[in-house]
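Chemist: Each chain is listed here by its residues.
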Amino acid sequence: MQHTREILTFQFGTYANYVGAHFWNQQEANFVYDNDSNVPEEQLPHNDVLYREGLNDQKQTTYTPRLLSVDLLGTLRHLPIVGELYGNFLQLANEQNADEVQKAKDSAEQNQLSTPGGLDVRMQPPVELSEYQQDLLKGAVNIESKDYNLAQNCSSWADYLYARYHPRTLNVLQGMQRQTDVQVLGTQVAGVELWQSSSFNEDFCDRIRLYAEECDGLQGFQLLFDIDDGFSGLATKCLEHLNDEYSRASYVLPLHYPRNISYAQADPRTAHSIRVVNSVLSYYHLTEQATMFTPLSTLETIWRNTTLQSRRMTGLHWQPDNLYQSSAVLAAYLDTVTLGYRLRQTPETLLRFCERVSPAGRKMTAAGLSLPLGMEQEQDLIDFLDGADNGSLLSQLTPGCEPGNSHVVQSVVARGIPYSRLKRPVDQAGPQLRMSAYKCESVSQMLQLYYQCAYHGSVTHAASTPLPLNTKLPFPYELFDTRIAADGFKLQSEAEREQDKRVGCAPALAAVQNSSKLGTHLDTLHGQTHRVQLAKLQSYTQSGFEQDEYDTALDKLLEFRDNYEDSQYL
Amino acid sequence: MASISLLNPKAEFARAAQALAINISAAKGLQDVMRTNLGPKGTVKMLVSGAGDIKITKDGNVLLHDMQIQHPTASMIARASTAQDDSTGDGTTTTVMLIGELLKQADIYLSEGLHPRIMAEGFEKARDKALEVLDKVKVPVDINKKNLMEIANTSLKTKVHPQLADLLTEVCVDAVLTISNDKKQPIDLHMVELMEMQHKTDTDTQLVRGLVMDHGARHPDMPKRLENAYILTANVSLEYEKAEVNSGFFYKTATEREAFVRAEREFIDQRVKKVIELKRAVCDGTDKTFVLINQKGIDPISLDALAKEGILALRRAKRRNMERLALACGGTAMNSFDDLQEENLGYAGSVYEHVLGENKYTFVEDCKNPLSVTILIKGPNKHTITQIKDAIRDGLRAINNTIGDKALVPGAGAFEVRAYNELVQYKETVKGKARLAVQAFADALLVIPKTLAVNSGYDAQDTIVKLTVEDRLSPELVGLDLSTGEPMKPTDLGVYDNYIVKKQILNSCSIIASNLLLVDEVMRAGMTSLKG
Chain A
-11 MQHTREILTF QFGTYANYVG AHFWNQQEAN FVYDNDSNVP EEQLPHNDVL
39 YREGLNDQKQ TTYTPRLLSV DLLGTLRHLP IVGELYGNFL QLANEQNADE
89 VQKAKDSAEQ NQLSTPGGLD VRMQPPVELS EYQQDLLKGA VNIESKDYNL
139 AQNCSSWADY LYARYHPRTL NVLQGMQRQT DVQVLGTQVA GVELWQSSSF
189 NEDFCDRIRL YAEECDGLQG FQLLFDIDDG FSGLATKCLE HLNDEYSRAS
239 YVLPLHYPRN ISYAQADPRT AHSIRVVNSV LSYYHLTEQA TMFTPLSTLE
289 TIWRNTTLQS RRMTGLHWQP DNLYQSSAVL AAYLDTVTLG YRLRQTPETL
339 LRFCERVSPA GRKMTAAGLS LPLGMEQEQD LIDFLDGADN GSLLSQLTPG
389 CEPGNSHVVQ SVVARGIPYS RLKRPVDQAG PQLRMSAYKC ESVSQMLQLY
439 YQCAYHGSVT HAASTPLPLN TKLPFPYELF DTRIAADGFK LQSEAEREQD
489 KRVGCAPALA AVQNSSKLGT HLDTLHGQTH RVQLAKLQSY TQSGFEQDEY
539 DTALDKLLEF RDNYEDSQYL
Chain B
709 MASISLLNPK AEFARAAQAL AINISAAKGL QDVMRTNLGP KGTVKMLVSG
759 AGDIKITKDG NVLLHDMQIQ HPTASMIARA STAQDDSTGD GTTTTVMLIG
809 ELLKQADIYL SEGLHPRIMA EGFEKARDKA LEVLDKVKVP VDINKKNLME
859 IANTSLKTKV HPQLADLLTE VCVDAVLTIS NDKKQPIDLH MVELMEMQHK
909 TDTDTQLVRG LVMDHGARHP DMPKRLENAY ILTANVSLEY EKAEVNSGFF
959 YKTATEREAF VRAEREFIDQ RVKKVIELKR AVCDGTDKTF VLINQKGIDP
1009 ISLDALAKEG ILALRRAKRR NMERLALACG GTAMNSFDDL QEENLGYAGS
1059 VYEHVLGENK YTFVEDCKNP LSVTILIKGP NKHTITQIKD AIRDGLRAIN
1109 NTIGDKALVP GAGAFEVRAY NELVQYKETV KGKARLAVQA FADALLVIPK
1159 TLAVNSGYDA QDTIVKLTVE DRLSPELVGL DLSTGEPMKP TDLGVYDNYI
1209 VKKQILNSCS IIASNLLLVD EVMRAGMTSL KG
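Top to bottom, those sequences are chains A and B. The working numbering puts the first residue of the first sequence at -11, with every later residue one more than the last. The working numbering puts the first residue of the second sequence at 709, with every later residue one more than the last.
Only chain A is shown next, with the shape it has when bound in the complex (with noise of 0.2 Å):
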């Protein structure tokens, strides 16, 4: 008997957030509801994976992603926090709502919640909704022309959050503010410590339950946490809680901000430690408790890397601080690699996904992205892999390691190359004929090979699907440079887009890989240690934490790394 093999989404702090928005605006774009695209069904995406069916007290269907999501108070903006779809919040964005701040005073009354006339109302002033927001509101979006500006005026990730939540999904610490210029849930072990506090715990972990209750299969988890701060302290605890109660596969993505952050009693010096030793334990617990974890970033090196030197891709141009354009990054990158155990023809586990990438106990992965792929206009893929460099075809996402192009295990997922595209029939085929990829009846068959030739002594596993990667808006159009058509490939010579055009898709490739090489990154982080003190940094010896501990997690690093050490193995 087949049934969905769920997922159940989980998203820690801000920027996972911003992250998680992309993906979940990139998830209902993608949505088909009469298949009148060039896309056969069976190569779409299974969102059942992901989404759950539901009913809200109006009697209509909601279809929402199993997710839940924690975040600082204030970065909901305009979103009440039982999502919009359930009803129990007043909907203060239309004109009469004073209307409805009196029906819900009446019905209190009415329940002999006070005495009449003892109630008495005390309104924050409504939040501004963004532009896109209302115009979403009126069913108004004008995504061919009109410029929100998002880049600039988006102050949080719910101001260009097209998907809608299911009222368990959201969850705000009370008490933490988000401010604009300290992190205020600053260290691993105030997580840690949130997340064994009552008033947190109790009603979080129910909401795990119930979404677990419902899975008739469920596979494993996703979990995107943001590591700089607090909240990795909060999403360790909560991995470890996951496999102690349901003991299924996770796939881990720590997040790093693109930009140094600062935190309460802490000048940068200190910030930089705060940052590293956050790091660090988050590293110990996710060798321990994840299946696989991949960090993310759009920066080159984390963890001292004062000019924040941003990772380039050809034909893409983002502002490295912008939290909306760089996590848009990611979230391309997420949605483009998840494919890999989405895909309906081809039903793969999360389990077997993370495994066989992650050989030896090499746990920790690295990301690989191509977006746009690079590809002109009218070129075959065949054509354009055999032009290309060997292993220049990805941008690395995850900071400060190369895996290289040699013993490298690896799992690509090639979105937006339609199977046309692939190689001419043979007779207009001419040099074509020659190669021997001209063989490969698909996407994924001529990457394999690809990776056959280019790799030395390397495993690939490739899967493809020609859905290409939504860029309309909410996603930042912007990014793409002119020599980019409308379609994503890229305009031959020296041609331009018209100027009025925006790229509407676009074709993608996704990696993720695990080489020797990604000791590494593991290095890099060690030798940051050397300079911290613990005893000087008083965010973490103020809540009692223990040196030890500290010690523990550094050699448990150690041992880690030592998985990376041959480098004939694969």
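Keep in mind that a hint or two might mislead.
What the hints assert, rightly or not - One-sided excerpt, in silico: chain A residues whose CB lies under 10 Å from chain B: (1) K47; (2) L64; (3) R65; (4) N76; (5) E88; (6) V89; (7) K93; (8) S95; (9) V115; (10) A151; (11) C193; (12) G507.
These are calculated hints, taken from the structure and not from any lab test. The beta-carbon is built from N, C-alpha and C at its ideal position, and this holds for glycine as well.
Take the given structure of chain A and dock chain B to it, following the hints.
Modeler: Quick look at chain B alone, frame taken from chain A:
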């Protein structure tokens, strides 16, 4: 909003008199916000957030949590009030009121040159005296339904409409009495489950002598209603999942892999079979039925097998419900099915399912001797339910406190008036300037009856004069009748407060107030703020 803005001065640091002024203004500010909430006639606040979230409450603690308190002094007071809530579950508004008033009264003398240290010493003396008075006036009570009803009712009336309070009182007292079962050991309030149900029309709160769970059967063929049921509670996985990380099995051929999978599956099937065998053994030939409640998962194949036998199976039960189930129905929670016996099973008269939108509820009722019960809260929307839930929680705490104290204190401001009179007399025996502080403490206590009077629409001074005079004449305590504005005897009307609540208030308020008085410098320092 003016009062809140008082809490938010921009000053980076302040010294001596100025520091004191900051502390006092913050305390007063908080007091202003909370003042209108005190007592049964206090207003209820409906908080609407910028995003449209609604919260309706009268509970001082909930309000304090909801206001974004940035001011250090105010957050210190708020913390004292939270501590009050944690330890007793009541008196949070009173705490804030009293701290504010203590500082206000102290301010009068301090501005005339009295040293804060002397003030603090005086407060300490006054507090000791007040505690003495408290011990004198407390009324020992028997633990019976009537007494518990009175205390619960007083507490609940300060939270919700009197009519609703009456209903909740009954529910709370019954709940506690059922689980206490005349045993001498302390009561675990966790054994009262609060379950909420959002329902448009049906709005009443009831006590279920059994358990209500927020999930139901996940198989269409399972029975929706069972009578006379055996309950098997378990913590055993009934799903096939190659779960353990790194336990991958190794195989050479596809058939070998199939064989492995089948072997794994077999393992789970064996467990299901054991349950079915037991069911057949105890139920066949009788009118008994069988329910399985599992803390771990049950996959569709296992569900199917169980459904064929007419077994109602629930998966992923709450951890705490396993404990509750054992207390409500009897039997023991099983961690393995290896040695299943009939005596491991619990019993319930009826088990049925209730579907509401996308939510399912399972009722386990008519248990023989339930030591765990559920209070089912129904309301038309979330904020209503939340408010009722908070009220119930406080009601339960009040009852539990009474059982712990075995004593009550007459309410309606009676204790404060008596303490005031006693302190005024006591003042004469205190030497030196400290007596001024005793006077200040006495005056501060009167804020409670005053506010009660004001909130009910009576004149504060008028009331205080009447009450203090009456109290001096009568050996019994005299409180304020909120419906007439006249003095009355709280013992006659059954208005009581918890002894421990009052004690805690006196203790924590005088300490916090003294601490705040002794502060002579307030600074806001942190590396980020110093560097700008």
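Chemist: Next step is simple, just say for each hint if it's right about the structure.
Modeler: How the hints compare with the structure:
1. K47: holds (8 Å)
2. L64: holds (6 Å)
3. R65: holds (7 Å)
4. N76: At about 4 Å, which falls below the 10 Å cut-off, the nearest Cβ of chain B leaves the hint on N76 of chain A intact, so it holds.
5. E88: holds (8 Å)
6. V89: holds (7 Å)
7. K93: The hint holds - K93 of chain A has a Cβ within 10 Å of chain B, the shortest such distance being about 6 Å.
8. S95: holds (7 Å)
9. V115: With Cβ-Cβ at 4 Å, under 10 Å, it holds.
10. A151: violated (17 Å)
11. C193: holds (8 Å)
12. G507: violated (20 Å)
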